[in-house]
Amino acid sequence: MKKLFIVASITLLVLTGCGKKDSTVSKLEAIKAKGEIVLVTSPDYAPYEFIDATKSGQDQYVGADIELAKFIANEIGVDLVIKAMSFGDIASAVSLGKFDMGIAGFTYNDERAEQVDFSETYDTTESTCQGFLVTKEKEATLNTIDDLKTAKVAVQNGSLPQTYVETELPEATMQLVNTLDDAILQLTVGKVDAIAASCASGEGFTLNNKNLVVSKVKFATIDDNGTKVILEKGQEDLMNEVNKAIAKAVELDLYKQWLDDATSIAEQLGAID
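Positions 1 to 273 (this note's numbering) are the ones given, in order, by the sequence shown.
Keep in mind the hints are simulated off the structure, nothing from the lab.
Note that this is a predicted model, so its numbers are computed, not measured.
Think of the CB as a built atom: it goes at the ideal place given N, C-alpha and C, for glycine as much as any other residue.
Any given hint could be a false lead.
Have a look at the derived ranges for each label pair, beta carbon to beta carbon [said to hold, decoys possible]:
1) GLY35 x PRO170: 40 to 50 Å
2) ASN240 x THR150: 47 to 57 Å
3) LEU207 x THR150: 56 to 66 Å
4) ILE145 x ALA33: 44 to 54 Å
5) PRO170 x ASP79: 37 to 47 Å
6) ASP79 x THR167: 22 to 32 Å
7) ASP146 x ALA30: 47 to 57 Å
8) VAL81 x GLU168: 35 to 45 Å
9) ALA30 x LEU207: 25 to 35 Å
10) TYR108 x ASN208: 47 to 57 Å
11) GLU168 x ALA247: 30 to 40 Å
12) TYR108 x LYS248: 20 to 30 Å
13) GLU29 x LYS210: 44 to 54 Å
Kindly generate the complete structure, drawing on both the sequences and the hints.
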């Protein structure tokens with residue numbers, strides 16, 4: 001009788017173990033079952049992702065990257081839910097599975113690749129111009145890369161411009177900020193001499209900050225292979241779907257259209273917040 005009990009117990013354990021294994025679902029399956037995919041972004045980077053203050057809720061998030069996220073969700077057949085957080089925290093949050101995907105102008109680097117997986121490139125224009133935002137008063141004195149070697153430079157934590165500053169301006173005093181809005185505040189009150197950012201983003205901030213200009217000083221060209229979506233490591237099924245959507249968007253040249261539309265919205269608002 002004891003032997004029968006032991007055999008029955010072992011059989012139950014084996015069946016229970018098999019049941020647990022079979023119940024494991026992929027991120028993609030969970031997304032489809034839930035009917036929504038959750039995007040995390042840092043909406044302070046017009047015209048790519050920013051806030052339209054005339055709207056509320058999910059509708060307030062606009063920009064070319066937001067349109068890409070909507071397109072990906074539509075291709076998968078689910079709704080899009082958008083969450084906002086500081087840029088520097090996004091990769092870590094995605095790596096822990098707190099969100100399904102991150103889109104915020106991410107470019108590949110080795111350190112970030114240890115945390116997350118990268119999609120195929122959806123936009124290559126970001127690599128064409130990375131430079132500085134300065135006040136008009138300092139434009140004349142900060143007109144070469146040498147002028148910025150010992151300057152105080154604000155840069156968004158974890159961003160591509162941070163890498164550029166570390167590489168090309170190692171002697172500069174780098175002030176890391178969570179958002180570009182924080183950087184603008186520091187620049188306007190004189191706490192820093194310049195902001196390192198993409199030229200497109202810088203131009204956006206000059207729309208409602210007439211004392212600011214995009215400097216003619218630019219970083220040396222670095223091949224970053226464009227911007228990509230980031231996902232939690234090992235989610236191959238989801239990555240395949242994301243890459244399929246990106247390939248379709250690239251083939252149809254949709255991102256340029258989204259970027260043009262987002263730039264128009266930013267100009268109409270007269271503010272990039």
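Kindly confirm whether 20 to 30 Å is satisfied by the beta carbon distance between TYR108 and LYS248. holds, 21 Å
Assessment of proposed distance window 56 to 66 Å (beta carbons of LEU207, THR150): For LEU207 and THR150 the Cβ distance comes to about 30 Å; the hint is violated.
Supplied distance hint 47 to 57 Å, evaluated on CB atoms of ASP146 and ALA30: Holds - the Cβ-Cβ distance for ASP146 and ALA30, about 53 Å, lies within 47 to 57 Å.
Quick check on a hinted range of 37 to 47 Å for PRO170 and ASP79, using CB atoms only. holds, 46 Å
Assuming the hint says 44 to 54 Å, is it satisfied by the Cβ distance from GLU29 to LYS210 or not? holds, 52 Å
Range first: 44 to 54 Å. Now tell me if the beta carbons of ILE145 and ALA33 are that far apart. Roughly 52 Å apart at Cβ, these two residues keep to the hinted range, so it holds.
Can you tell me whether the CB distance of TYR108 to ASN208 sits inside 47 to 57 Å? With Cβ atoms ~32 Å apart, the hint is violated.
Within 40 to 50 Å or not, the Cβ separation of GLY35 and PRO170? holds, 49 Å
Range hint 25 to 35 Å: satisfied by the CB atoms of ALA30 and LEU207? 41 Å Cβ-Cβ, so the 25 to 35 Å window is violated.
Is it true that GLU168 and ALA247 lie within 30 to 40 Å of each other by Cβ? holds, 34 Å
Does 35 to 45 Å hold as the CB distance between VAL81 and GLU168, or does it fail? Distance hint for VAL81, GLU168 holds at roughly 38 Å.
Taking the Cβ atom of ASP79 and the Cβ atom of THR167, is their distance within the range 22 to 32 Å? violated, 41 Å
In this structure, the hints that do not hold are numbers 3, 6, 9, 10, in rising order.
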